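Participant: With the hints as constraints, model all of the structure from the sequences given.
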Amino acid sequence: MSTLVSGSTGDWEVVVGLEVHAQVRSESKLFSGASTRFGAEPNSQVSLVDAGMPGMLPVINRECVRQAVRTGLGLGAKINRVSVFDRKNYFYPDLPQGYQISQYTRPIVGEGSLRITMPDGERVVGIERIHLEQDAGKSMHDQDPSRSLIDLNRSGVALMEIVSRPDLRSGAEAAACLRTLRTLLRFLGTCDGNMQEGSLRCDANVSVRRPGGELGTRCEIKNLNSIRFLQQAIEYEAIRQVEVLEDGGKIIQETRLFDADRGETRSMRSKEDAHDYRYFPDPDLLPLELSEDFIAGIAASLPELPETRRNRFVSQYGIGEAEADFLVTEPEIADFFEALADGRDPKLAANWLTTELFGALNRAGLPLSKSPVDAGTLGGLIDLVADGTISGRSAKDVFSEMFETGQAAETIVDARGLRQLSDGAAIAALVDAVLAEHGDKVAEYRSGKVKLLGFFVGQVMKQTRGTANPQLVNEILRERLAG
Amino acid sequence: MSDLLDLDIAGASEALDARRVSSVELTAAYLDAMEAAAGLNCFVTPTPERALEMAEASDRRRARGESGALEGIPVGIKDLFCTCSIPTSAASRILAGFVPTYESTVTANLWRNGAVLLGKLNMDEFAMGSANVNSCHGPVENPWHRTGDGAGDRLVPGGSSGGSAAAVAARIALGATGTDTGGSIRQPGSFCGIVGMKPSYGRCSRWGIIAFASSLDQAGPLTRTVRDSAMMLGAMAGHDPGDSTSADIPVPDFEAALTGDVRGLRIGVPREYRVDGMPDEIEELWTRGRDLLAQAGAELVEISLPHTRYALPAYYIIAPAEASSNLARYDGVRYGLRAGGDEPDDMYENTRGQGFGEEVVRRVLIGTYVLSQGYYDAYYLKAQRVRALIRNDFDEAFGGVDAILTPTAPSDAFAIGEHEDDPIRMYLNDVFTVPSSLAGLPAISVPAGLSVRGLPLGLQLIGRMFDEETVFRVAGVLEQAAGFAHRPSGGA
Chain A
110 MSTLVSGSTG DWEVVVGLEV HAQVRSESKL FSGASTRFGA EPNSQVSLVD AGMPGMLPVI
170 NRECVRQAVR TGLGLGAKIN RVSVFDRKNY FYPDLPQGYQ ISQYTRPIVG EGSLRITMPD
230 GERVVGIERI HLEQDAGKSM HDQDPSRSLI DLNRSGVALM EIVSRPDLRS GAEAAACLRT
290 LRTLLRFLGT CDGNMQEGSL RCDANVSVRR PGGELGTRCE IKNLNSIRFL QQAIEYEAIR
350 QVEVLEDGGK IIQETRLFDA DRGETRSMRS KEDAHDYRYF PDPDLLPLEL SEDFIAGIAA
410 SLPELPETRR NRFVSQYGIG EAEADFLVTE PEIADFFEAL ADGRDPKLAA NWLTTELFGA
470 LNRAGLPLSK SPVDAGTLGG LIDLVADGTI SGRSAKDVFS EMFETGQAAE TIVDARGLRQ
530 LSDGAAIAAL VDAVLAEHGD KVAEYRSGKV KLLGFFVGQV MKQTRGTANP QLVNEILRER
590 LAG
Chain B
3 MSDLLDLDIA GASEALDARR VSSVELTAAY LDAMEAAAGL NCFVTPTPER ALEMAEASDR
63 RRARGESGAL EGIPVGIKDL FCTCSIPTSA ASRILAGFVP TYESTVTANL WRNGAVLLGK
123 LNMDEFAMGS ANVNSCHGPV ENPWHRTGDG AGDRLVPGGS SGGSAAAVAA RIALGATGTD
183 TGGSIRQPGS FCGIVGMKPS YGRCSRWGII AFASSLDQAG PLTRTVRDSA MMLGAMAGHD
243 PGDSTSADIP VPDFEAALTG DVRGLRIGVP REYRVDGMPD EIEELWTRGR DLLAQAGAEL
303 VEISLPHTRY ALPAYYIIAP AEASSNLARY DGVRYGLRAG GDEPDDMYEN TRGQGFGEEV
363 VRRVLIGTYV LSQGYYDAYY LKAQRVRALI RNDFDEAFGG VDAILTPTAP SDAFAIGEHE
423 DDPIRMYLND VFTVPSSLAG LPAISVPAGL SVRGLPLGLQ LIGRMFDEET VFRVAGVLEQ
483 AAGFAHRPSG GA
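Residue numbers (the working numbering), protein chains in the order written: chain A, 110 to 592; chain B, 3 to 494.
Note that these hints are calculated values from the structure, not bench results.
Predicted model, so just to flag it, every value in this text is computed and none were measured.
Among the hints, erroneous ones may be present.
[As the list claims (entries may be wrong)] Distance windows between CB atoms, simulated:
| hint | chain 1 | residue 1 | chain 2 | residue 2 | range |
| --- | --- | --- | --- | --- | --- |
| 1 | A | Glu430 | B | Ala390 | 54 to 64 Å |
| 2 | B | Lys384 | A | Pro476 | 52 to 62 Å |
| 3 | A | Gln252 | B | Gln375 | 28 to 38 Å |
Glycine included, every Cβ here is placed at the ideal spot set by N, Cα and C.
Facilitator: As structure tokens, this is what we get:
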């Protein structure tokens, strides 16, 4: 599949590298004990350190370090035994210290890679580095007619900046890369990957060149808060750059902003206006030294990663690859599936989960974590079908009611009298009564009008309000009619 | 009452223990003396009510048989230490109205050990200065005066802990905290004829001390005697998980280190500290110090610290670089002075322009410059390399000696207003104190004699990292041998 952009003077290759800011999942901030919970009252989760009060000092949160190492190991990356925190100096009202504590020349995680799947095959995307840094607060310009207000709840929250190599060749590849990375982070439990809440943010460096030629000048696109926008922005930007070049122009290295409403990128600031951040090692913090044991301990506790789990699903449960791909998009789905498949037919379990449950969740606009039906409850329903307590047909109705009320399948089945009648003697008695009542039709049947079997089945089902086991009814009817 | 003020910390503790005096009486005597000597401008925020409350509480504790290491001892605190619910200014207009809601670890340690707060002490703005003339509260006056010519001149107490040194010398505080980045405890100690101790970097927590240069700042005591210094440092020091650079090692009994015996100790005398233009009287004082220690049984050894001459330039790159970043938080957004503007940049410019004094602005500019792209390698990085070489010089020297003896400062106290237009000349005050600061080593200034103008002069002893005990031990012997019993003409 070609990823080239064809211009009027020939083909162009798009070169993309990503800088992903992933908020570390942790109880407290990178250098303070304040909570990181999203959506709290403004300025309710701010310690003296986060507010940049005089004389306050940062102290590294070991859990954030662990999470960064875990992420590095998940990307098969080199973990640096010694890393250094630097100060990135700039003035902004929501940056209380007047500098951001980040890692510049010596990040905590070095080279790694990420495998992504495209329709025409796999690609391996190089990961250059991951470093830890503090997030800034938030400026709010729409709360007061004359003033800007500041919320420092986010100030000091730990971010991992994950930087890819310029190995991506299209917007679609970039989107796949970010999607795969997000899944990995969720499996590792190191970032919740919620782009709407801003816990996963992405910048893209985009340039174009003649296929295989020298790298072109790149532009950095910011403000990409969904995977769809990432892809759109890259596609727009690539065409813009090709047009500039083909018109004899030059690409200026600059930062561009994606305008989602117009679907285009706009110049934000050029390289000349770029800040001089005056990086230097933060003298309040010692170099971060990690022991082999510390790293080995994290490696030993690493969860099964999405790729491995997907392959295991295919081999262990015999489900299809497309279904397996879906089941490992989020760890919660994979866990749900395995709980559901435990002791049941895995294919049936996968089918119930992907078709019925996700169908209902999507219609209701709910994530799996808010599902009114959990794995145990859904399993209960599957079991009732499997042991013949209810028919497959009534199971779907029962499921709808379970989804609405959150009740157990058994409760609904009993309340609605849906328990399947599977007592041979009882069914035989009903059959006999129906046949006695419709002697004429029996004679017609016996004279060759075998289509009438459906009529007799219908009569029995009607008598039982649909609860009679259809298989048994059929069997007994045939037997009696043959007699 | 004046005999009460003559007691040093050790003597006052003894009197308190023997119930010859109460902390309330002692504290009241100091509060009276403070008022009488208000002209020295030492205290920027006296806290008499708090002092008496704390003294009463101390007397009650003592009556219950509970007694901390500094129980009932009234002390002053440099206004760089954040003190809960008491204004803390760093002697800067930019912190106008700032009242911390938290207490620095060092002062919290002092209160836990029973000390009584007399008030907050004047200093150079953000601890930048060597004369205590850079203060939004006005200059501090040294209680010492010249004999003969210039007897009427008002002299500087040194800086930046000038208020602390002058208060202790003037007997309006029994002891005081200071901070030392490049000499800010030792040089005023020398100028005021008292003992100033800068412990090893990491010995005292920096938590709650307003930062000047984080890799150099260290709290320490200013006291009248070496024994007082040992007692007070013991009550200030200790590991603090809130400061990642504080050392997780036990605090020894510093007072117990004062054995009075230096026989067999090897004391290094660095030849590179004989600087151009150093007055003869400083040279003579140094020689006298060597003789006194030799007479006490120490072995004096000439040593070399070859990179000494690069210390001052390296210091005046590293300290401003860190300061330029540390002082970025004073932006008018959250606390202190805010001078408004239409755009954030205007607000920063107005606030910082009005809030910072001239010397602070100079250092922020120097620091910003040396960290800038294209200059970082030539200045900051090179200065860090020099720092490593200086550290290495000391490491090698301490392979052969137990402590190093040098002058504390290249001159005696000068007049307020003198050298004011010559920052380089002012920076030279730190020439002997800066190298040990860059190396993080403990160093003390002990008053050892008078200049021809009748002003005190100090000698400095530098020790191995975290070996304050040897520093105190040698300092105690030097103090006794020098027998400095002179008193300033000003003060209580």
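Participant: If a hint holds in the structure, say so; if it doesn't, say that too.
Facilitator: Status of each hint after checking the structure:
1. Glu430(A) with Ala390(B): 54 to 64 Å: Given a distance of about 58 Å, which is inside 54 to 64 Å, the answer is holds.
2. Lys384(B) with Pro476(A): 52 to 62 Å: Holds, since Lys384(B) and Pro476(A) (Cβ atoms, about 55 Å apart) stay within the stated range.
3. Gln252(A) with Gln375(B): 28 to 38 Å: For Gln252(A) and Gln375(B) the Cβ distance comes to about 36 Å; the hint holds.
Violation of the numbered hints given earlier is absent; every hint is satisfied by the structure.
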